[in-house]
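Keeping their order, the protein sequence lines are chains P and E. Using our numbering, the letters of the first sequence correspond one by one to residues 1 to 113. Using our numbering, the letters of the second sequence correspond one by one to residues 114 to 228.
Heads up, a few of these hints could be off.
If you want the footprint, here are the derived chain P segments under chain E, 3+ residues with CB under 8 Å [to be verified]:
(1) 40-54
(2) 84-97
(3) 105-113
Simulated from the structure, these hints should not be mistaken for laboratory data. Using N, Cα and C, we set each Cβ at its ideal position, and we do this for glycine too.
Spelled out, the chains give:
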Amino acid sequence: NAGVMQNPRHLVRRRGQEARLRCSPMKGHSHVYWYRQLPEEGLKFMVYLQKENIIDESGMPKERFSAEFPKEGPSILRIQQVVRGDSAAYFCASSPRTVSEAFFGQGTRLTVV
Amino acid sequence: AQSVTQLDSQVPVFEEAPVELRCNYSSSVSVYLFWYVQYPNQGLQLLLKYLSGSTLVESINGFEAEFNKSQTSFHLRKPSVHISDTAEYFCAVSALRDAGNMLTFGGGTRLMVKP
């Protein structure tokens, strides 16, 4: 059973471009969480999704950021018109159900130049 | 809302010495408590967790943490550290009503074990 897979591991984008980060949860996991880790800071919750539904997006910036978890395929975190301040490590976690351990992926390190 | 404070951003310690990484939290509701470890350029791995029951929880690699409700603390300890314990350690909480997975993290403590 492969772990949580995130790709790409590293992503470089120029200011104004779009960034798409993918997360494939562990087999059998229907809950996905996205976190952002800014340099020298802890992780900050962004969004919680179940299949085809956004459950809680209280940590998502109001503009330029969106997330989805379609019925088929990975969860996608999309950042439009990236700015330098978006440079961070983005981590995805998944769990099979509520009140259970969340398993983290290795993260995608986004650098905006 | 919850918040987590890790009082030390860096903790240097010699190999085989004991270590304590401090974590305090605030919350208006009951919480679950977690410690995660992050090795360089890797994701987070769950080290240990407190959900209910005994307030002292242990990991398989010698770490332990004690939940102190009155002091709202969940400090992490190890009686004798190894070089391989060098990593970043994150304390996290989750409100019970959030079902344990929408985590609020502290800023992290970098444990640096020296030979």
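To see whether the hints hold, each was checked on the structure:
no. : hint    : result
1   : 40-54   : holds (count 6)
2   : 84-97   : holds (count 3)
3   : 105-113 : holds (count 3)
Figure legend: structure checked against the earlier numbered hints; every hint is met.
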